[in-house]
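All chains should be modelled from the sequences, with the hints used to inform the complete structure.
So the sequences go chain by chain: A and B. Residues 302 to 412 (the working numbering) are what the first sequence spells out, left to right. Residues 0 to 114 (the working numbering) are what the second sequence spells out, left to right.
It is worth saying that the hints were derived from the structure and are not from the lab. Positions of the beta carbon are idealized from the N, C-alpha and C atoms, including for glycine. The reader is advised that the hints may include incorrect statements.
Stated by the list, open to error - Lysine-lysine pairs mimicking BS3-like chemistry, simulated, CA-CA at most 25 Å apart: (1) K399/A x K77/B; (2) K77/B x K54/B; (3) K113/B x K69/B; (4) K319/A x K358/A; (5) K399/A x K113/B; (6) K358/A x K399/A; (7) K399/A x K69/B; (8) K54/B x K72/B; (9) K106/B x K77/B; (10) K54/B x K69/B; (11) K358/A x K106/B; (12) K54/B x K399/A; (13) K358/A x K318/A; (14) K399/A x K106/B.
Claimed, not checked - Facing chain B, according to a computed beta carbon distance under 7 Å, are these residues of chain A, among others: (15) L346; (16) P376; (17) E396; (18) G398; (19) E400; (20) F403; (21) Q405; (22) V412.
In case you want the letters, here they are:
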Amino acid sequence: EADIYQTPRYLVIGTGKKITLECSQTMGHDKMYWYQQDPGMELHLIHYSYGVNSTEKGDLSSESTVSRIRTEHFPLTLESARPSHTSQYLCASSEIGKEAFFGQGTRLTVV
Amino acid sequence: AQTVTQSQPEMSVQEAETVTLSCTYDTSESDYYLFWYKQPPSRQMILVIRQEAYKQQNATENRFSVNFQKAAKSFSLKISDSQLGDAAMYFCAYKYGGSQGNLIFGKGTKLSVKP
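Next up, the structure:
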């Protein structure tokens, strides 16, 4: 079944650690996104990609980085996690011009 | 720049009743899409309904329907026969129809359903 997967679902990590949040989709979508969302709050676009080797920064400035080496994979990396990075991170994908499908999210806590 | 405004941070409805969630948007484009997404507590964001701007007919999906007023730039969601499982955050979203378009979300409306 076509879907979009995020791992891990929950992550508690110490300050200064490097982390990578994984996102994979099986729908063959070219466009992928990362949103940051505090619980019960609005979504902020932090990164997006039009396809392989394409990465763009979103509306909200973020210290994270992304890569797109394969169509189906769009990982997000924080080189040195800080408590201010504590949030939920949502990955999504879409066909160009169509609605986005979301993963279940990764809830990150930096202590 | 495009913006999406949801003026109701919270709404409440009695089970089996009807509720309408409001959304307005601002754009100078003529080719775009509008969406309502539902995010239950600690669960995945899912698409409820979509509307293409070029279609005059309001979209309907079972108990969910929209009132799309293009001139007024209004896109409200009506939930009929509300169920306990409808309780969630509801986000209105806009997307420019071209390849450059990203989803722009409103701040959301938290819907509670009372038994």
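To see whether the hints hold, each was checked on the structure:
no.: 1; hint: K399/A x K77/B; verdict: holds (22 Å)
no.: 2; hint: K77/B x K54/B; verdict: holds (18 Å)
no.: 3; hint: K113/B x K69/B; verdict: violated (32 Å)
no.: 4; hint: K319/A x K358/A; verdict: holds (20 Å)
no.: 5; hint: K399/A x K113/B; verdict: violated (34 Å)
no.: 6; hint: K358/A x K399/A; verdict: holds (20 Å)
no.: 7; hint: K399/A x K69/B; verdict: holds (19 Å)
no.: 8; hint: K54/B x K72/B; verdict: holds (14 Å)
no.: 9; hint: K106/B x K77/B; verdict: holds (18 Å)
no.: 10; hint: K54/B x K69/B; verdict: holds (10 Å)
no.: 11; hint: K358/A x K106/B; verdict: holds (21 Å)
no.: 12; hint: K54/B x K399/A; verdict: holds (15 Å)
no.: 13; hint: K358/A x K318/A; verdict: holds (23 Å)
no.: 14; hint: K399/A x K106/B; verdict: holds (21 Å)
no.: 15; hint: L346; verdict: holds (6 Å)
no.: 16; hint: P376; verdict: violated (19 Å)
no.: 17; hint: E396; verdict: violated (10 Å)
no.: 18; hint: G398; verdict: holds (5 Å)
no.: 19; hint: E400; verdict: holds (5 Å)
no.: 20; hint: F403; verdict: holds (4 Å)
no.: 21; hint: Q405; verdict: holds (5 Å)
no.: 22; hint: V412; verdict: violated (20 Å)
Hint check: violations occur at hints 3, 5, 16, 17, 22; the rest are consistent with the structure.
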